[in-house]
Amino acid sequence: MARDATETRDFGGSVKMRYSAFKIFMQGLTGNKSWKPVWREPDPKPEYDIIIIGAGGHGLSTAYYLAKEFGMRNIAVLEKGWLGSGNIGRNTTIIRSNYLLPGNQPFYEMSMKLWENLEQDTNYNSMVSQRSILNLIHTDGQRDAFVRRGNAMFLSGADAELVDAKQLRDELPFLNFDDARFPIKGGLFQRRGGTARHDAVAWGYARGADSRGVDIIQNCEVTGFDIQGGVCRGVETSRGPIRARKVAMCVAGSSGRVAALAGMRLPIESHVLQAFVSEGLKPTLPGVITFGAGHFYVSQSDKGGLVFGGDIDGYNTYAQRGNLPVVEDVAEGGMAIMPMIGRARLLRSWGGVMDMSMDGTPFIDKTHIEGLYFNGGWCYGGFKATPASGYCYAHLLAKDEPHPNAAQMRLDRFMTGNLIDEKGQGNQPNLH
Amino acid sequence: MIINHPILGPRDAAEFVCLGDACMIDRPDWEAEDAMQQFHEYGYLRDNPAGQHQELWYHEQGDRSWLVLTRNTLTHEITKVEMARDVARSRGRDK
Ligand SMILES: Cc1cc2nc3c(=O)[nH]c(=O)nc-3n(C[C@H](O)[C@H](O)[C@H](O)COP(=O)(O)OP(=O)(O)OC[C@H]3O[C@@H](n4cnc5c(N)ncnc54)[C@H](O)[C@@H]3O)c2cc1C
Numbered sequence: 001m002a003r004d005a006t007e008t009r010d011f012g013g014s015v016k017m018r019y020s021a022f023k024i025f026m027q028g029l030t031g032n033k034s035w036k037p038v039w040r041e042p043d044p045k046p047e048y049d050i051i052i053i054g055a056g057g058h059g060l061s062t063a064y065y066l067a068k069e070f071g072m073r074n075i076a077v078l079e080k081g082w083l084g085s086g087n088i089g090r091n092t093t094i095i096r097s098n099y100l101l102p103g104n105q106p107f108y109e110m111s112m113k114l115w116e117n118l119e120q121d122t123n124y125n126s127m128v129s130q131r132s133i134l135n136l137i138h139t140d141g142q143r144d145a146f147v148r149r150g151n152a153m154f155l156s157g158a159d160a161e162l163v164d165a166k167q168l169r170d171e172l173p174f175l176n177f178d179d180a181r182f183p184i185k186g187g188l189f190q191r192r193g194g195t196a197r198h199d200a201v202a203w204g205y206a207r208g209a210d211s212r213g214v215d216i217i218q219n220c221e222v223t224g225f226d227i228q229g230g231v232c233r234g235v236e237t238s239r240g241p242i243r244a245r246k247v248a249m250c251v252a253g254s255s256g257r258v259a260a261l262a263g264m265r266l267p268i269e270s271h272v273l274q275a276f277v278s279e280g281l282k283p284t285l286p287g288v289i290t291f292g293a294g295h296f297y298v299s300q301s302d303k304g305g306l307v308f309g310g311d312i313d314g315y316n317t318y319a320q321r322g323n324l325p326v327v328e329d330v331a332e333g334g335m336a337i338m339p340m341i342g343r344a345r346l347l348r349s350w351g352g353v354m355d356m357s358m359d360g361t362p363f364i365d366k367t368h369i370e371g372l373y374f375n376g377g378w379c380y381g382g383f384k385a386t387p388a389s390g391y392c393y394a395h396l397l398a399k400d401e402p403h404p405n406a407a408q409m410r411l412d413r414f415m416t417g418n419l420i421d422e423k424g425q426g427n428q429p430n431l432h
Numbered sequence: 433m434i435i436n437h438p439i440l441g442p443r444d445a446a447e448f449v450c451l452g453d454a455c456m457i458d459r460p461d462w463e464a465e466d467a468m469q470q471f472h473e474y475g476y477l478r479d480n481p482a483g484q485h486q487e488l489w490y491h492e493q494g495d496r497s498w499l500v501l502t503r504n505t506l507t508h509e510i511t512k513v514e515m516a517r518d519v520a521r522s523r524g525r526d527k
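Chains as they are written, first to last, in the working numbering: chain A, 1 to 432; chain B, 433 to 527.
Honestly, the hints are just simulated from the structure, not real lab data. A couple of the hints might just be wrong.
Said to hold, decoys possible - The calculated lysine to any residue pairs, modelled on SDA-like cross-linking and capped at a C-alpha distance of 20 Å, are: (1) A:Lys399 / A:Thr367; (2) A:Lys366 / B:Tyr476; (3) A:Lys366 / B:Gly483; (4) A:Lys423 / B:Leu506; (5) A:Lys423 / A:Leu100; (6) A:Lys80 / B:Ala482; (7) A:Lys33 / A:Met17; (8) B:Lys512 / B:Gln470; (9) A:Lys366 / B:Ile434; (10) A:Lys68 / A:Ala145; (11) B:Lys527 / B:Val513; (12) A:Lys423 / B:Leu451; (13) A:Lys423 / B:Gly475; (14) A:Lys80 / A:Gln218; (15) B:Lys527 / B:Arg459; (16) A:Lys80 / B:Pro481; (17) A:Lys166 / A:Ala180; (18) A:Lys423 / B:Tyr476; (19) A:Lys185 / A:Thr139; (20) B:Lys512 / B:Ile434; (21) A:Lys423 / A:Ala145; (22) B:Lys512 / B:Asp453; (23) A:Lys36 / A:Tyr124; (24) A:Lys366 / A:Asp412; (25) A:Lys366 / A:Gly263; (26) A:Lys366 / B:Glu473; (27) A:Lys366 / A:Arg245; (28) A:Lys36 / A:Tyr19; (29) A:Lys80 / B:Leu506; (30) A:Lys80 / A:Arg243; (31) A:Lys45 / A:Arg239; (32) A:Lys68 / A:Gly213; (33) A:Lys36 / A:Ile24; (34) A:Lys423 / B:Gly452; (35) A:Lys80 / B:Gly483.
To be verified - Now the in silico label distances, taken between C-beta atoms and shown as ranges: (36) B:Pro460 / A:Pro283: 40 to 50 Å; (37) A:Lys423 / B:Glu465: 26 to 36 Å; (38) A:Val327 / B:Asp479: 26 to 36 Å.
What you are looking at is a predicted structure, and each value in this text was computed from that prediction instead of being measured. Every residue, glycine too, gets a C-beta built ideally from N, C-alpha and C.
Bound conformation, chain A alone:
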């Protein structure tokens, strides 16, 4: 076994198997009996250099890049449930870098470039599919705004393509072009946008981190912080206290609850976002489509289900379920741009808790407590950010200075006046 050239011995002592088409073929011939667990299940050590709280996409990618790019090994990721049980396993998997503002767009384009190489980098099939994303245009004013956005995308090195209704009619004939209220006048494509398999992203990062010696400790809830004289020295957990030189919060929808354990109030409210999936259909939608007048976005999963969603419910909640008015609103959005969707039966719906920030933009920053770091405020757009968020957070943790692409994502930006408000909605989280 150890002589197999495709296996490498890693730091934790377990054996990591490199995946390849040949491996799948050989395993197929031998009854798929010798696949190995993808990560270890270690007990917590008394002390680590860095503790990351939360094994969602961002916590795991942070651990991965810390180990791979910044040479840190003595790291634990603590997860209260099972790895991937949070929003990383609940989202509608859209990846894109079509933001507008300078504090955001270079960060998301960095993420897109990391997505483009993710599977090679982690040797794990995250099913990254650059099937395109289209934002529909319904008014002349909206076209002007999208021209500006497209130019901002070019400036960051991203791709953008403005199309008129005629071209769209050829490409997507099923759209409701002549709707009396919201006629479709064109759209802005990002052809490099698309989708990825959400939980495979978590698994790929987990495997990559684990094989480099990171301890991923599941069923280990952080219940308090050990803060002495303004310095964080570790955490209390459901599996006992663990000391650390640096503690990194990365709990997305639970940000408010976990930060409260350190006595912090955040510029964040927790809200629920619902998602929906239809029965499996034959290939229907080539890419991701978003409504420009209401809030509705849809794509088709590789299994065939139409995956769609819309607005958050709009009130503070930590319950991972929403209410019916939003179901109706989302269904109306779907019918408005794509009446054929009315023929599909809804299979299921679910909700996830969003960390909605005061300006709709996330935070990757130190806190006022030495040794305590914060990553959160991802609103409903944090899946696409998973690679860059992990990379930039790892950079901050390893070097104690922000990565240039995340340098504006600061916790004190409301005090200093440097908001990053893409929508220009002001400090009302449920409007972002």
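Keeping the supplied structure of chain A fixed, place chain B with the ligand upon it in accordance with the hints.
Relative to the frame of chain A, chain B with the ligand by itself:
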């Protein structure tokens, strides 16, 4: 969710919009020494609790009144509905 409006009785929550934490009733004194700090906290920082939460709702598709709901953010159960006006006055505001 059904909101039991103090004047109109039970109404569908879809008729309302939620503004957020009812701490926004307590607007800081703009003449205070630390007004800057206070307005930053008032405008941007939130307790965001898991459990009981007092929050401002506006009856936009109804009588346009502002309400203060006491609602559980873990179960969505609404245990108290008051007119925001009454709450503000009981906290010493004049309107
Ligand atoms: C329905 C829905 C659709 C979405 N669609 C998209 C989309 O199309 N595109 C996009 O870019 N984004 C989307 N998002 C947003 C995206 O999923 C999130 O922003 C992102 O997943 C958040 O980062 P994460 O993966 O690290 O979070 P999570 O996976 O939620 O990770 C946080 C982890 O912290 C753990 N935790 C919490 N408290 C503690 C504690 N005390 N101790 C230990 N561990 C703790 C949790 O159990 C959880 O596993 C969507 C979200 C939802 C819910």
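A quick look at each hint next to the structure:
1. A:Lys399 / A:Thr367: 15 Å, holds
2. A:Lys366 / B:Tyr476: Since the Cα atoms of Lys366 of chain A and Tyr476 of chain B sit roughly 18 Å apart, the hinted pair holds (cutoff 20 Å).
3. A:Lys366 / B:Gly483: 28 Å, violated
4. A:Lys423 / B:Leu506: Since the Cα atoms of Lys423 of chain A and Leu506 of chain B sit roughly 29 Å apart, the hinted pair is violated (cutoff 20 Å).
5. A:Lys423 / A:Leu100: Given pair Lys423 of chain A, Leu100 of chain A holds - Cα atoms ~9 Å apart, limit 20 Å.
6. A:Lys80 / B:Ala482: Holds: Lys80 of chain A and Ala482 of chain B sit about 16 Å apart, inside 20 Å.
7. A:Lys33 / A:Met17: Distance of about 14 Å is within 20 Å: holds.
8. B:Lys512 / B:Gln470: 28 Å, violated
9. A:Lys366 / B:Ile434: 41 Å, violated
10. A:Lys68 / A:Ala145: Violated, at roughly 40 Å.
11. B:Lys527 / B:Val513: Satisfied, since the Cα-Cα distance of roughly 18 Å is no more than 20 Å.
12. A:Lys423 / B:Leu451: 17 Å, holds
13. A:Lys423 / B:Gly475: Holds. Lys423 of chain A to Gly475 of chain B sits at ~18 Å (cutoff 20 Å).
14. A:Lys80 / A:Gln218: The hint holds at about 6 Å.
15. B:Lys527 / B:Arg459: Cα-Cα ~12 Å, so holds.
16. A:Lys80 / B:Pro481: 18 Å, holds
17. A:Lys166 / A:Ala180: 17 Å, holds
18. A:Lys423 / B:Tyr476: Status holds; Cα separation ~17 Å.
19. A:Lys185 / A:Thr139: 7 Å, holds
20. B:Lys512 / B:Ile434: 12 Å, holds
21. A:Lys423 / A:Ala145: 11 Å, holds
22. B:Lys512 / B:Asp453: The given pair, whose Cα atoms are some 15 Å apart, holds under the 20 Å limit.
23. A:Lys36 / A:Tyr124: At roughly 14 Å apart (the allowed maximum being 20 Å), Tyr124 of chain A and Lys36 of chain A satisfy the hint.
24. A:Lys366 / A:Asp412: OK: Lys366 of chain A and Asp412 of chain A at ~10 Å, within 20 Å.
25. A:Lys366 / A:Gly263: Holds: Lys366 of chain A and Gly263 of chain A sit about 15 Å apart, inside 20 Å.
26. A:Lys366 / B:Glu473: Given that 20 Å is the threshold and the Cα spacing comes to 19 Å, the pair holds.
27. A:Lys366 / A:Arg245: 14 Å, holds
28. A:Lys36 / A:Tyr19: Measuring from Cα to Cα gives roughly 11 Å; hence the hint holds.
29. A:Lys80 / B:Leu506: 17 Å, holds
30. A:Lys80 / A:Arg243: 17 Å, holds
31. A:Lys45 / A:Arg239: Holds. Lys45 of chain A to Arg239 of chain A sits at ~11 Å (cutoff 20 Å).
32. A:Lys68 / A:Gly213: Holds, at about 10 Å.
33. A:Lys36 / A:Ile24: 13 Å, holds
34. A:Lys423 / B:Gly452: 19 Å, holds
35. A:Lys80 / B:Gly483: 19 Å, holds
36. B:Pro460 / A:Pro283: 40 to 50 Å: 57 Å, violated
37. A:Lys423 / B:Glu465: 26 to 36 Å: 34 Å, holds
38. A:Val327 / B:Asp479: 26 to 36 Å: Given a distance of about 29 Å, which is inside 26 to 36 Å, the answer is holds.
Violated hints for the displayed structure, listed by number in ascending order: 3, 4, 8, 9, 10 and 36.
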